[in-house]
Structures are given as C-alpha cells and as structure tokens.
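Enquirer: Sequence order for the protein chains is P and H. Mapping of the first sequence onto the UniProt record's numbering: position 212 corresponds to residue 212, and the numbering continues sequentially without gaps. Mapping of the second sequence onto the UniProt record's numbering: position 430 corresponds to residue 430, and the numbering continues sequentially without gaps.
Rather than coming from a laboratory, the hints here were simulated on the basis of the structure. One thing to keep in mind: the hints can contain errors.
Note that the list lumps identical chains together, so a pair holds whenever it fits in one copy or between two copies.
[Stated by the list, open to error] Result set (DMTMM-like, lysine to aspartate or glutamate): computed pairs, CA atoms no more than 25 angstroms apart in a straight line:
| # | residue 1 | residue 2 |
| --- | --- | --- |
| 1 | LYS492 | ASP578 |
| 2 | LYS332 | ASP571 |
| 3 | LYS335 | ASP578 |
| 4 | LYS202 | GLU141 |
| 5 | LYS450 | ASP496 |
| 6 | LYS575 | ASP46 |
| 7 | LYS335 | ASP496 |
| 8 | LYS335 | ASP46 |
| 9 | LYS607 | ASP139 |
| 10 | LYS332 | ASP578 |
2 protein chains.
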Amino acid sequence: MTGTKRKKKNVLWSRMKNPHCEDLKQWGRRRLPVLEWALHYNLKEDLPPDTVSGIMLAVQQVTQGLAFAILSSVHPVFGLYGSLFPVITYAIFGMGRHVATGTFALTSLISANAVERLVPPSSQNQTAQSNTSVLGLSDFEMQRIGVAAAVSFLGGVIQVAMCVVQLGRATFLLTEPVISAMTTGAATHVVTSQVKYFLGIKMPYISGPLGFFYIYIYVFENIQSVQLEALLLSLVSIVVLVLVKELNERFKRKIKVILPIDLVLIIAASFACYYTNMENTYGLEVVGHIPKGIPSPQAPPMNVLSAVITEAFGVALVGYAASLALAQGSAKKFKYAVDDNQELLAHGLSNVISSFFFCIPSAAAMGRTAGLYSTGAKTQCVLASIIVVGLKGMLIQFRDLKKYWNVDKIDWGIWVSTYIFTICFAANVGLLFGVVCTVAIVIGRLSRAKTLSIKNMKEMEFKVKTEMDGETLQQVKIISINQPLVFLNAKKFHTDLMNILQKENASNQQLDDTSKCERNTLLISLSNGSSCNEEASQPHSNEECSLILDCSGLTFFDSSGVSMLVEVYMDCKSKNVDVFLAHCTASLVKAMKYCGNLDSEKPFFFKSVPAALSNIHSNKVRQNLSKLSDQSEV
Amino acid sequence: MTGTKRKKKNVLWSRMKNPHCEDLKQWGRRRLPVLEWALHYNLKEDLPPDTVSGIMLAVQQVTQGLAFAILSSVHPVFGLYGSLFPVITYAIFGMGRHVATGTFALTSLISANAVERLVPPSSQNQTAQSNTSVLGLSDFEMQRIGVAAAVSFLGGVIQVAMCVVQLGRATFLLTEPVISAMTTGAATHVVTSQVKYFLGIKMPYISGPLGFFYIYIYVFENIQSVQLEALLLSLVSIVVLVLVKELNERFKRKIKVILPIDLVLIIAASFACYYTNMENTYGLEVVGHIPKGIPSPQAPPMNVLSAVITEAFGVALVGYAASLALAQGSAKKFKYAVDDNQELLAHGLSNVISSFFFCIPSAAAMGRTAGLYSTGAKTQCVLASIIVVGLKGMLIQFRDLKKYWNVDKIDWGIWVSTYIFTICFAANVGLLFGVVCTVAIVIGRLSRAKTLSIKNMKEMEFKVKTEMDGETLQQVKIISINQPLVFLNAKKFHTDLMNILQKENASNQQLDDTSKCERNTLLISLSNGSSCNEEASQPHSNEECSLILDCSGLTFFDSSGVSMLVEVYMDCKSKNVDVFLAHCTASLVKAMKYCGNLDSEKPFFFKSVPAALSNIHSNKVRQNLSKLSDQSEV
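Assemble the whole structure, with the sequences as input and the hints as a guide.
Expert: Next up, the structure:
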C-alpha cells in the first residue's frame, strides 16, 4: 500500500498539469487491476504455462462445482455455472494472482441453510413437476437455485458496501487463529453434512444451534440402516484419493505429471453406475443427468432477500475471511501486495454478477490443487469423498494448535473457543465470537501492560554522570513512558509511577539492580541484610527530588490520559517532587496546559531529556549560590 | 486496590498459622465495608456533623423521591420508600463515602418505560377501583409499582451477577466522555418528559426510538392548549430555584446556613393548592394525598421479569455507570479507594433488597446538594421544576465539550455521537454505542501508532562512540520496539522497520537530523542539494550492516507478532543485514525459536544492547583478523 502511495506521489509530482485526469487514471488502475497486468502480459513466455495450469484448474473447478452444488442443496448443473462466472469477474477486479475463485465448501454450506429452510424437500411434491422452465429443470430446482442466487446477490452487495465504507482496513481484526479455527470448524461441519452419503443413510436436513450434535445423534440412532455398499465405496474412494494425492505430492518433481485421480475415480464410478444400473440394483443415491447449455441471465428473486439476510452476512464475512487469508498467504509467498478493500470489491462483484447467472455463492477456495473433469452420472458418495478429501487442507489446521500452544497460550485459547463456537453454532457466529474475543483480550492485556520503563534511566545515567556531579544525579529520576496514554492504561500508569517513586525515595537507588544494591550497602550497613528488599519504604519527603518524564514513546493520548498526567503532576508537587516533561508533542503541551491550568506555573516542558537535566542543574547551582550568599550575609 | 493487596500480603505474612480464617476475615471486611468504618467510628467527633448533613440529605431525598416517583410513573409514596431502603443497604455494602444513593432521575425514566408499556393508563378504567390493597391504593397503582419493583429486582440481580463474574474490572471501558455524554443525554430526556407539566398539556406517554422528537412535535402541534397558569408557575419556580441556589452557593461560607428554597417553594405551593382548590379552579394537575406507614415486604411479581429485561439491563448499566463516576470522583477528591466490584455488589443488593419494599430502581444521584421535606398535596409543575433544576449538574456537562475540543478532538467526537445516540434512542443504547465506539477508535489508533523509536539509538550512539571505532558504529542500527507486538500493529511494525532500514541504507546516516545531513554533504557533494531527501534511495546491498532490536518495550506479544518478528529476521537476512535481539523475555525467545526453527542459527538473543554490540564488535575484529591473515598468506 505504501509502495503504491509513493509511486502515486511521484507520478503526481511529475505531471502536475492535469492532476484530475491522472487521479482518475490511478483510481481506475487501482480498482481494475486487470488493466495493470493485461497490458504487461507476455504472450510468448507466460501463455503456455498459464494454459496448462488453467486447464488443470478448470477441470478441477468443474468437479468441485458439481460436488459443492450438491452441498448447497441445488441441482449440480448450477455448480458448473458457479465455476465460470465468478472466475471471470475475479480476474478483472481481483489482485490475488494465485487465488482460485469459484464454488467454495463453506459458503455452499451456509447457503444450503437458506435453501433448505425456504424450499424444503417436502415442497417438491406440492409443486407440479412441470419441466417447462429454462433449463428443462423442475420448478422446485429453479426455486432452490433462486434462493441460493439471492444469498449470493445479497452477500455480494454486503461485500461491496463494506468496500465502499473502507471496512477492508479493519481486516487486521481477522487474526490467523480466528480464521484458522473458523475454517477448521466449518470444514468439520461440511464433513458432518457428508456423513449421510458415506453411510448411505436417508436423513432429514438438520441445522440450527447444536445441529452438529443432533446429526451424529441421528446417525447413531439409525446405525442399523447403514448401506454397506455406500460405506465400502466411500472408504475405498477416500483411501485411493488420499494415497494417490500423497504420492502425487511426494513425486511431483520427478514425474512432472500429476495423476488425475479424481477424474479416474469419477469416470470409474460413472461407468459402474451406467453398467450396473446402481440406482436400481443397490439403491445408492445417484445424481442423474446434467443438462447442456448456458442459461440466459435472470435476476435473482428479490422477494426472498429479507429472509436470507443472516445467510448473506455469513457468506459475505466467511467468504471474505477465508479468501483474504488465502490471497495474503500467496501475496506473502510471491512478494506482491494485496489491497484488502479491492479484494472485498472483487469478491462482492463476483457474487453480485454471477448471481444473475444462477450461481451459488463463491469465494476463493483453499483445497484446489489438481482436479478433474467429468460429466454424466456419478454416485453421490464418490462426490462426498471428493469433498471431504478436498477439505484436507483445512482439517489439517488442527496442527496449528501445537504451534499456538508453544507460541502464545492465549491464541491457543482463542483457537479452541472459536472452534467450539463454530461447531456448536455456525461459521459466522464463530467468526464474530473470535473477533470480539480477540479484541477483548488485547484490550485487557493492554490495560495491564507495563507503561513505564526505568531501563532508559540507567542508560541515561551513564551519559549524565560525565556531565553532572553524582550528588545532583541521585535526586533526578528519568522515566520514559513507552505506551500511548489512554483510558485503558491511565490508572496503571499512575500506580506504576507512584510505585517507582516510592521505591526510589526509599533509599534513593534501590532498583532491581544488584550492583546498585552493593553500592549502597555501605550507606545502609546499619540495617540488616535484606535492606534491598521491600522494607524501610518510608519516603524521605523532606528531601527534594526531580522527575523527568520522557514522553517520546507516548505515541497518542486521550482526555483520560491527559488528566492522569495532570494528576501525576499535582501529586508529585504535593510530595515535593519536581516534574519535568521531555519530548512532548505540541498537542500534548496544549492539552495539558488547558486541562491543568498550568500557564502560571514555571516552565516544565522541555525539548529533550538533556535540556531538562541542564535546567535542573542550573536551578540547583542557583539555589546553592543563594544559600551560600544567605550564609555569607548572616 | 494495590494498597489493599499489599496490606493483605503483609497480614498474611505475619499470621501464617491460620491462613484460612484470616482469608475469610479479609474477604468479609472487603465485602462488608461497614465493618471497617463502623468499628472506627468516632461517636463524639463525627456524629454531630454527620447528623446535620444526614438530616439535610434525608429531607432532600424525600422531596426528590416524590418527584422521581412521578417521573417513574408510580404513586409518589413509593418514592419515599425508595429514599429509605437503598440508602441503608448501600451504607452496609458501599465504599463511596460521599455518595448519596436513592431514587435517581435516569433510572426512574428507564423504569417508567416498562411501567407505561406493561400497565398503560388505559388499563386504569378496566380494573375495578377497589381500594382493598395494602396501602389503601388502587390495584392499578399496585400493578404499576409491581412492574417498577420487578425492574429494580432484575436490574439488581444483573448487577450482582456482574460483580460475581468480576465485570467491575472492565469499568475502565466506561470513559469520562461516554458517561458525561450519556448522563447529559439522559438528563435531556428527563427534561423533555417534564415539558408537559411545565406547559400543563395533557399528553400521551411517548417513548421508543426518536420518541424525543415526537414529544416536541406533539407539543408544537398542541401549542394552543398550553395552560398559562402552569407555564407561569413553572417559570417562577425555576427562576426562584436557580437564583436562590446560586446565591446559596455563592454565600455558603459567609452565612453557613443554606436557605431550603425547595421546601419553601413546595410549602407555598401546597398552601396555595389547599386554599385555592387549584385542582378544581384552574385544572392544574395535583398529586393528591400521600398515605402513611411502611408496607410489609412483598416479593416483586416474577411473571413480568422476562418482559422487563431490556429496562433491567438499562437500569443496571446506566445506574452503575453514573454511580461509579460519582463514587470515583469523590474517592479522587478525598483520597480513598473504591473497589469497582464492591460498588456493583452494593448497588445490586440495594436494588434487590429494596425491590421487596415497593421501591423504584435506585442509584447514586448527582444532583443532591441540599433539599427539603414536605408531605401533603403539591402541584406537579412545581415538582417538575424541582426535577429539572436538580438536573442542572448534569445538563451543565455541556461545558465538557469545550474541554474535550481543546484536549482531544476524538473524545469530543465520541461525546457528541454518544449524546446524539442517547437522544435518539435511549440511555442504554447511547452507553453501549459510546463504549463500542471508544474501543473501536483506540484499536484503530493503536494499529496506526508508531511502533519503533530511533531516538534511543541516537542516545546509545553517544555511549557507544567512546567504546567502538566510528567505522564499525556506522553500520550498526539500534532500534527499540516500544509497543506490544500484536495483530493490531504487526504489519505496521514491519513497514516501519523496512522504511527505517531503507532510509538508513540509502546514505548510511540520513535521518531527520540536519547535522548528520551536513556531515554527509562532503561525501555526496557530487549530487544536487536535495541529497538529504528521498532520492538516491537504493540500498547498498553489498555492504554488510547489523541491526539491534531492543525489545525491552515489547511488553507482550501474540502469534501474529512473533511470526512478524521471524519474518523481519528472514527479510533482513535476505538483505544481508544481521539482526540481534536484546532484552527479550524467556517466552519470546521460546516462541521465536519454535516459530522460525531458529535453533540451528547462530545466537542472536542477547541480554542487553551493549552485550549485542560487543558481540558485533568481536565478530568484526575476528573477520578483520582473518582477512589480514588471508592477505598475509597470499
């Protein structure tokens, strides 16, 4: 971001003549990244490798599209459309160069919630089975995709709105542990939703709070109705998929060609379907025929928008959070910048535009590594296996737990609680909880963090000793404030400072430094050995001393902080401690003067610590001189 | 808080033999502050002045009790009870020694909302006017106080629950601007609710979002039905009240006796009422007769609890926020400590216990300075005047706006927006908005705050120059991190550090220091005069340099911070910059080693900056030696 800003500045500087036009061009280039890369696209060098990976990706997009459409409770054909339109839109507006947009397991699951609620399977029998609509599909299927498209539309509108109010800047609130836990939790939900296909159990759609647990309770209650054929097929599919993908990964460099195992599996299953007439023989669920052609655009049904607002927010937030993590990961790896707001715009427009083409909500998916192509009929338990194995990347994030445990226990706690919330409720609830929890914890930690450092004092002493005599120095404490002073830590600042002053006053140099302790043993050898501890902490109130507060680390403040600073000043004055402030910003000086009516006081703001020190020194010298002259007069 | 902790520690230390018993005693003393002060109460010295101010306060409590009961839409007699029971409870559990608990305008207004919603005036005619109940009051009045008592009960339960989960510790979130704006806004609401009495307009009860504006719209639409007698009486009352109170305040020290103007006014109005039969003659609203005696305790109706939950939360939060501001103000002024959790407990128990005695919700009020006593009939517009003039202290907080404008513009913005929210919606909505807004802004500011300081480097240079030769020094940058490193500012930290390094590398010493700029002009005199600016910023990547990060200001971190530190280390290594970390805590060292697999690297954690410097120095010497030996070998 700073890079582009500087660039912009330079460009503006060199072409001051038509700034308006230039501004517009810059804005266009920022909002349409396609202009940036399309102009510099090297056809000869980049096209061949891009074509290869493009075809591979397309093949996989389509397989996953079919699978995620079923996950989304809509007809599989809509997954194919969802693999086309969002990709084109993202290519124009998006900045993540290694991000594969398209149908996405988590958003599919969320929109399935809306579809099943508004168009339950029971309504299938009520509507007449008239195959008169656009694609030769029943009204029931068209109603279902209508709801999914409405979720996609509204979610996209929310994302664009978030871009307009620059909410992309608040993306730092979506921390790694929260996104990791949320996506893992959502992946667990997806796996759970596929359990019925694995086991071949016919099962009602279960959702809502704690629905996760109800699904497993239902499964265990109906364990006798498991179809062994489905279970066997699922297990074989999963084992084959995992094994071959693992081998692919391991020998990628040597063989250079990736075995399209998904394709092989689906084709094998399709043939098996076709020849054995599986639907009739074994009673396994089969997808059916996929219609051909691309539909003409049609606006999503606007009358259901208000009913799908929860799901739309879920799609907008969860989709964005998961996509952004991916885009930032690839940007970090390949060293380019991603604009958070632009990503919001790209995903928002992808969703809005593709919602006119019967698409389910899209996002950047994580699991796309290599994939396959197939049309025709396939058994659902093979697709379910593909979905689950595709989620391996997300489920494997359980490994993050070990990392967080070793790096920061609090982040570990956030991960676990966010995961539990996601499991018990839904991905959007988990995300919200995680963000609120993260912010609350950082606020709590900030309010307890150390506000002062006396380390700098020790270092300053070294310098000052050469300039001033030891006697004066002992009575000057230099403390630097190394936190912004706001309502969070104003009280802590007061307590810390008073504690330091009390300790300091106790025996003038009793810090955590043992060398100092040793130095002082001569002076206080009368008391017992523990003289360096907390005893004898009565301040010598009669002895005048000075305090220099180095405010260079005080990056910002609010009115609570300023009034606390004034209070400290007043408290110190009542204890005969002179306070001097160094490195204050102009606004802090103004605020303190206004807040404490300090105009009439002697000057106590200084440009630097040495300036304050020399002021104290000269005051001291003047005092001593006047004392001497008093004595000589007597 | 720290004071009591230390005390407790000492006591525990001295009496290690029966720690359990001592713990229990300590806990009891903390939870029942009455034990603390009752034992040390000096009957001879403290009783006479306390009696005088007690009587004055009691008199005023009762006047305001009557007024606030009407504000609360219940029969005035319940205001009298509300002036007795909460005060006794607070005396036992509370810690604010100058806090006058009792009926409170803001909580009265909130509970009025519940009363008017659940027992609207229209229901008065439906219920039979059977005066058979406890106090000789109609069923209608008993239903109304039942709702108010239920609000009080539930609000108290919420406050006690907040105490149990130690939410008092989060009190720092209730900042001065938010409380000031919220109370001012609520006071504006109270004034608005009294407008009908001022003008003598008969008016329906209006509440809900934007109700504030609907009230004024209603008044302007019905401006022709204003009763001139009421308006005149109100104006006279207000002018007399304000004038006499102002004079009282001004000549308090000279005359030592405060003229009880409220009392005089009410007695005068009562006599006028009695003799002129005002209710019949002029049609002004009159309170009516006040029954005698104290009722036997009765549980509040539990069946309405679920219906008043919003109001209960409002009473709990608004009452606590306003009371705490008052208790802390008096604690600050008279130098004693107030435990936030204990205050929650005291107010919670006050509300719960007094709800069994037909009391309206209570809190510590701000407006009580001197007051009066009266029973019998009084006109409502005089009471309304007393309410409004009693709120002067809150309304005068508009003056805070000027302070915030001068001290911190952001706090000014928070004040204004919280006030607008309170006006448009309600006190609890305003409070919530204010807290969320404050937290969001501090989070935003933290994420943009400067994370690094190079000032310390300049000071260190002073010291180091004496130890090392200038040539080596020029290639060592010492930068101190003076912020906790968390998700908020991890990115900013990276950007800041890279900017500094780039600038540093550019011409090795080009900082914001002009003296350094001058020093370098000889070296780069070939280029033009602006050599100290942003040009020529290509890093000399071939020249090896070192970076020492002083982590003593890094008070805490999370996993984002650690991974950013590791990333910085990797980035620097790729740029041929050696990184050394000084003053790291053990947990940071452990986390970094885990996160970056740094075990195999050469050591780069040092206890202090000088230790890191001497390590660099010795490395340099070794390198030079080996170079020399290489050359000599050749």
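Enquirer: Hint by hint, say whether it matches the structure.
Expert: Now the hints, each set against the structure:
| no. | hint | verdict |
| --- | --- | --- |
| 1 | LYS492 - ASP578 | within (21 angstroms within a copy, 37 angstroms between copies) |
| 2 | LYS332 - ASP571 | between (50 angstroms within a copy, 11 angstroms between copies) |
| 3 | LYS335 - ASP578 | between (53 angstroms within a copy, 21 angstroms between copies) |
| 4 | LYS202 - GLU141 | within (20 angstroms within a copy, 60 angstroms between copies) |
| 5 | LYS450 - ASP496 | both (8 angstroms within a copy, 23 angstroms between copies) |
| 6 | LYS575 - ASP46 | neither (75 angstroms within a copy, 28 angstroms between copies) |
| 7 | LYS335 - ASP496 | between (43 angstroms within a copy, 17 angstroms between copies) |
| 8 | LYS335 - ASP46 | within (18 angstroms within a copy, 75 angstroms between copies) |
| 9 | LYS607 - ASP139 | neither (77 angstroms within a copy, 73 angstroms between copies) |
| 10 | LYS332 - ASP578 | between (51 angstroms within a copy, 21 angstroms between copies) |
Comparing the model with each earlier hint shows violations of hints 6 and 9; every other hint is respected.
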